[in-house]
Amino acid sequence: MANRAVKIFSMLAGTLLATSAFASELVINFDDPNPAPKAGFEAAVEAFKAENPDINVTVNINDREAHKTAIRNFLSANAPDITAWYPGNRMAPFVDAGQFEDISDLWASDANLSSNFEAIKPTMTRDGKQWGVPYSYYQWGVYYRADIFADNGIEKPTTWDGLLAACDTLKGAGITPFTIGTKYLWTAAGVFDYLNLRTNGYEVHNGLTAGEIKYTDDRIQETFKNWTTMLERCSFVDNHATMSWQDAIAPFANGEAAMYVMGNFSVAAYKDAGLTDDQIDFFQFPEITPGLARAEEAPADALFIPSGAKNKENARKFLSFIAQPEIQGEWNKTIGQLPPNSKAPINSDDKFIVQGFETVSTASGLAQFYDRDAPAEMASEGMKGFQEFMIKPERLDAILKRLDKVQMRVYK
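Sequential numbering of the sequence shown, starting at 1, is according to this note's numbering.
Honestly, I wouldn't trust all of these hints.
[Unchecked claim] Cut-off 20 Å, straight-line C-alpha distance, at most; resulting in silico cross-link-like pairs (SDA-like, lysine to any residue):
| id | residue 1 | residue 2 |
| --- | --- | --- |
| 1 | Lys384 | Leu396 |
| 2 | Lys49 | Ala39 |
| 3 | Lys392 | Leu185 |
| 4 | Lys121 | Asp110 |
| 5 | Lys384 | Met408 |
| 6 | Lys343 | Glu358 |
| 7 | Lys401 | Glu381 |
| 8 | Lys183 | Glu65 |
| 9 | Lys38 | Phe321 |
| 10 | Lys312 | Asn78 |
| 11 | Lys225 | Lys401 |
| 12 | Lys405 | Glu388 |
| 13 | Lys38 | Glu330 |
| 14 | Lys312 | Asp54 |
| 15 | Lys68 | Glu381 |
| 16 | Lys333 | Glu65 |
| 17 | Lys312 | Ala77 |
| 18 | Lys317 | Ala79 |
| 19 | Lys405 | Arg395 |
| 20 | Lys183 | Ala269 |
| 21 | Lys214 | Ala376 |
| 22 | Lys405 | Ile213 |
| 23 | Lys333 | Glu46 |
| 24 | Lys183 | Ala250 |
| 25 | Lys214 | Glu232 |
| 26 | Lys225 | Pro345 |
| 27 | Lys317 | Phe48 |
| 28 | Lys38 | Gly329 |
| 29 | Lys333 | Asp272 |
The set of hints was computed from the structure by calculation and includes no laboratory data.
When you get a sec, could you build the whole thing from the sequences and use the hints?
What follows is the structure in structure tokens.
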């Protein structure tokens with residue numbers, strides 16, 4: 001009898017140990033092997049492990065492009081407990097397919113998420129529910145050569161007329177106002193988004209990318225009228241369709257061009273090209289429609305729990321952990337970006353981070369960028385149209401009608 005009891009106890013103990021081991025696992029798929037993003041992520045994981053020594057964390061880090069392809073397979077076949085992905089419309093297909101976990105209860109119960117993520121919460125929300133936790137974002141705007149502006153007596157423009165006047169002065173001095181490289185298309189989307197946000201506002205941006213507003217709509221036509229004015233009065237560097245965004249830094253660095261509509265991630269590349277902090281500065285894209293609430297481009301990166309995850313309790317622990325202001329502050333200091341937690345410390349020694357924080361923290365809305373807010377097929381065709389318009393503006397009517405047809409097909 002005693003031997004039988006020992007055997008039963010041993011079996012129960014083995015079962016409990018197996019259950020405990022299963023419950024203490026956490027598998028995370030991350031999507032950026034570049035040195036700084038990898039270091040920031042791994043430091044957060046190590047901090048979590050130190051606080052949760054009973055949880056065995058397995059990390060898989062893939063190239064971003066490979067991750068974009070693989071996620072469709074691993075969400076269906078062998079889901080991790082957490083995966084990196086993007087907010088806004090880019091999360092919509094997985095939300096709508098039931099492949100991401102609804103974590104609205106976590107947002108409601110976690111003090112950080114419920115009170116310190118107000119600005120970015122709309123981009124994590126679909127159908128009135130929250131689906132992930134952002135760990136980083138960054139502002140877009142206009143980076144400019146402060147020394148060139150000073151040499152030509154140009155003040156930082158805050159209005160559309162002020163920007164156009166600055167362009168006139170620069171062109172009079174033989175300087176191309178804007179550099180850009182549209183070889184990979186998304187840079188043109190940044191210009192379009194800002195013109196549309198400043199012409200029509202945040203709701204029209206969202207309506208267009210959600211397929212509720214046509215490209216031939218009068219409001220979008222007005223955006224393109226302003227872009228036509230920008231092409232004529234300001235102008236961009238020649239041959240931009242053959243250049244990547246990095247290639248377009250050369251005319252900015254050598255003084256041939258004075259401004260660049262770009263994201264904060266580009267600052268390191270300006271410095272690598274030989275520019276100093278004193279030569280580079282930043283301003284928010286100027287007001288076009290007087291009194292229109294100022295929304296900003298601020299793409300975010302986030303972590304999600306797949307519906308097929310095996311260790312959802314541990315996954316929620318990790319998401320709560322990385323929502324903390326100290327963790328977000330250190331992570332973003334490492335990668336040179338902004339923490340979505342409004343209480344997180346920022347790198348006050350970096351003037352561009354300080355400017356970025358002021359930009360996003362006072363915005364009326366945060367757009368996730370055209371190619372994240374629009375479905376992939378629409379974004380691809382839309383950005384081809386933007387680049388074509390910049391080269392051949394006389395084709396505008398045909399471009400917009402073509403995009404309406406694409407929109408009808410994609411959103412159907």
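Cross-check of the supplied hints:
1. Lys384 with Leu396: Within the cut-off at roughly 12 Å; holds.
2. Lys49 with Ala39: 15 Å, holds
3. Lys392 with Leu185: Distance ~15 Å between Lys392 and Leu185 Cα, so the pair holds.
4. Lys121 with Asp110: It holds: about 13 Å lies between the C-alpha atoms, which stays within 20 Å.
5. Lys384 with Met408: Holds - the C-alpha atoms of Met408 and Lys384 are around 17 Å apart, at most 20 Å.
6. Lys343 with Glu358: It holds: about 13 Å lies between the C-alpha atoms, which stays within 20 Å.
7. Lys401 with Glu381: Holds, at roughly 12 Å.
8. Lys183 with Glu65: Roughly 17 Å between the alpha carbons, so the hint for Lys183 and Glu65 holds.
9. Lys38 with Phe321: 18 Å, holds
10. Lys312 with Asn78: 14 Å, holds
11. Lys225 with Lys401: 16 Å, holds
12. Lys405 with Glu388: 17 Å, holds
13. Lys38 with Glu330: 13 Å, holds
14. Lys312 with Asp54: 15 Å, holds
15. Lys68 with Glu381: Holds. Lys68 to Glu381 sits at ~19 Å (cutoff 20 Å).
16. Lys333 with Glu65: Violated: Lys333 and Glu65 sit about 24 Å apart, past 20 Å.
17. Lys312 with Ala77: 17 Å, holds
18. Lys317 with Ala79: Judged against 20 Å, a Cα distance of about 18 Å means the pair holds.
19. Lys405 with Arg395: Given pair Lys405, Arg395 holds - Cα atoms ~16 Å apart, limit 20 Å.
20. Lys183 with Ala269: Judged against 20 Å, a Cα distance of about 18 Å means the pair holds.
21. Lys214 with Ala376: At roughly 17 Å apart (the allowed maximum being 20 Å), Ala376 and Lys214 satisfy the hint.
22. Lys405 with Ile213: It holds: about 12 Å lies between the C-alpha atoms, which stays within 20 Å.
23. Lys333 with Glu46: The given pair, whose Cα atoms are some 16 Å apart, holds under the 20 Å limit.
24. Lys183 with Ala250: 15 Å, holds
25. Lys214 with Glu232: 25 Å, violated
26. Lys225 with Pro345: 41 Å, violated
27. Lys317 with Phe48: 9 Å, holds
28. Lys38 with Gly329: 16 Å, holds
29. Lys333 with Asp272: 19 Å, holds
The structure does not agree with the numbered hints 16, 25 and 26 stated previously, though it agrees with the rest.
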